[in-house]
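Based on these hints, arrange chains B and C on the given structure of chain A.
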Amino acid sequence: MNGDTVIASGPATTLGIRLHTWWRMLVICLEERLAYRTDFALGTLMRFLPIVTQIFLWTAVFAAADRSDIAGYSRDNIIAYYLLTMITRAFSSMPGLSSSIARSIRDGSVKKYLIQPVDYVGFLLAARVAHKLVYYVVAILPFGFVFFLCRNYFPPAPDGLTIAAYLLSLLLSFLLGFFLEATLGMIGFWFLEVSSIIFTYMLFQYLLSGHMFPLDMLAGVPTGLAGVSLADVVRWLPFQYTAYFPASVWLGKVQGWDLVGGLLLEVGWLAVAILACRLAWRRGTRRYSGFGG
Amino acid sequence: MNRYLTIFGTFARACLVRDMTFRANFLLECVTGLGWMSMNLAFYLLIFSFTPEIGRGSGWSREPFFAFVATGLVINSIVQAFFMPSASELAEMVRTGGLDAVLVKPLDAQFLLSLHRFNYSSLANGIVGLLLLGWAVPRFPAPPPPVAWLLYPLLVVCGVAILYGLIIMLAAATILMGRNQSLYDFWFYLTSFSRYPAEIYAGPWGGPLRMLCTFVIPILLVVNVPAGTIARPLSGEAWFMVAVTVVAAVLAVGLSRLVFQAALTRYRSASS
Amino acid sequence: MHNRSEEANDRVIEVEGLTKEYRVYDKPEGLWASVQGLFHRKSRTIAALQGVDLQVRRGEFLAMLGPNGAGKTTFLKLLSGIITPSRGAARVLGHVPWERNDDFRRRFALVMGQKNQLWWDLPAAESFRLHQEIYRIEPAHFARIRDDLVDMLDVGRLLGQPVRELSLGERMKLELVAALLHEPEVLFLDEPTIGLDVVAQHTIHEFLQTVQRQRAVTVILTTHYMKDVAALCERVVVVTRGSILYDGSLEQIVDRFTTHKVVTLDFESAPPVAQIERFGFPAEVRGPRVTLRIDRTRIAAVLPQLLADRQIRDVSVEDVPLEEIVAGLFRGAAAQQEPAAEPAGVP
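Chains as they are written, first to last, in the numbering used here: chain A, 161 to 453; chain B, 87 to 358; chain C, 128 to 474.
To be clear, the hints were calculated from the coordinates, so they are not data collected in a lab.
No false leads were slipped in.
20 Å max Cα-Cα, derived EDC-like pairs, lysine to aspartate or glutamate:
no. : chain 1 : residue 1 : chain 2 : residue 2
1   : B       : LYS191    : C       : GLU260
2   : C       : LYS242    : B       : GLU178
3   : A       : LYS413    : A       : ASP236
4   : B       : LYS191    : C       : GLU265
5   : C       : LYS242    : B       : GLU175
6   : B       : LYS191    : C       : ASP230
The shape of chain A in the complex, shown without the other chains:
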């Protein structure tokens, strides 16, 4: 209690300082990106190239199947779906997060966070927010351009409430993606070679997040349990929120109480991920310091 009076204005100044540092970080990140101008322009546009292939693929699939609806999606729906998952992934993907945490554990650079009164996870989160904001600023042009070109594939925009739910799910997917990968990285406290574990997670995520195809398509895949399809199982897992869920909200595939339920489950998984992360940090650092040095 008495120590706090040493700092003149207390929390307000520290917040001010933090914001200022943040701003500086952002500006530097932006400058860095703009320095590689051809890179950034081409790079962001190139991310959409696989979508072009998917558009043609699904058109061919629908043509040969001679139907206008697969698992509730028309061809235009599927294209809109892929584009929307690009947005979700712009929020939820955390490239290199788990491996960099694991690496800093392995080479010991995490130690400085153990002795400083700095919240390691909070610091990482702030850094990711900065990176993401920078990314959005530089990517908004290419994204906007592509979406404008593809506007005819989209159904009419949903109502305000759905949009609000959509934005909420995006925000939650950012946090969920972050905490899941952070926890993953902290496995490095127990196992030296985390790369196999990370790889397995990435594999499941690839298949079950809806990145490759809308998860509704799994409705026809049996699981061995009577009346339960793979789609039903996947709907209880957290992976869907990193690509599929927000996209399906926008497209109106999830409505009413299902939508509320989906959001609540997302919050639930987020809570689990945050708890797991905190627990892993506490247990892990305790174990780590036990090794001396």
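Just chains B and C now, kept in the frame of chain A:
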């Protein structure tokens, strides 16, 4: 020349020793590659639960399509194992001055730069591709004619040659620009067009795109033509495409060499 | 290339008006400039080398001395054929280097300090074998030379380890062995002792001297260490800002560029400064020891006075240290030219 073969052998041996020393890593890389591939195979199976073929009247029903995928696996694994590792190191070599060391040696620079490092774990996918081919071919609606089996290995080699030419041209660009856009990324985007049969590129946009990717940047020839010779009946048009592919392979290798040599003369060597 | 007349053969390296210019883009400062940088960037032309003329005869050991950014490395890269010049001509062993003729490349060697030419993952022994194949060295001959060189530098026990595990000094020794395996007629060394400890530097100096004497190799060594120069070479070329400032022997530098000698006086006790200044310009006062700069022409007159002064216990007269002369040369040249900031990444 004989000398080049001996040197190639030394590199091959050294890389094998290295991979076997880091055995766990090697196995992990094999498993990783196989993992991604199986996810994609599962995806394709899912698609075929909704449709009998890809592209109406294209002939790419399930087993022929898997033969297509298998061919792609074989060709890409060869390229990933023997050419990509060296090429992706090029940016680093430019940065650290390793390219300088290559240029003072009395040996062809392109040979040294494109063939000094191999990644054997990439061959795992190729092996699975061969197995997949073995599964799919007997289940074809109609068996391929004997001549197709003569053409197939030739066309696989042509496919590899076309990809090699593209890699060399990208490498030349790296030398000129001297940096950082990861070769793997660009390669992934470029080859993502060739993951599916060319027939899917139809319509007002698709038609021209298909022409572009067949006759200008011939990535659609790489897998389509070899797979097409065994999976679909050999028509006059098919023979034409075989000829085009062979010509494209020769052009790719020849043209890329010219471009590469030109890049070397303009080399700035800005590594202090 | 076949031999021409005896005289032409004697001149192993001929350089005339060699110039190398680079276009460099200005890095934008600040956020607004970065955005502008997306559309338009300003560029300047930097001359790394300006109209250099040089002749080197067979068997000479020549040192190229200059500060960082002087153009020494650019010069060697041009002579090795790594880069092509903007203007000018050069011939090494009768070849134009940047044509990258295989016959030419087989007759010279380049060693760059702190840069690796050996293959990182292979043990040195494998690298040497690769060299044998690349340079087409006859096996028995190769074995003899290799053992000879390895003994000279005492690196036999390092041959089995992957190169990346060795220290800088050990790596440099192996690089030198590799460079000499094919018995080059010309050897280019770019800052070979940089980053090495004193013992390693000394070993390498001795090695280079022996080799050069034994095999009559023509050597150009670039460095910014006076030690390398003093130990190894008769002829020194001083380079600053892409031009040759001086080309001659080491002793002549002292005569050419200094007007003073350094006189060190040991007094009985700390002397008053006014008393000292009468003799010459005091450079340093440390207790009873004073160091002065005295004009050469006046030494003969001043010395008797000094020796007569009973307060002075000891006198020594020396030349200005080479390092100082050369540093002065560098600074002087820099002051003469425009103060342009050296952008990063220009050799």
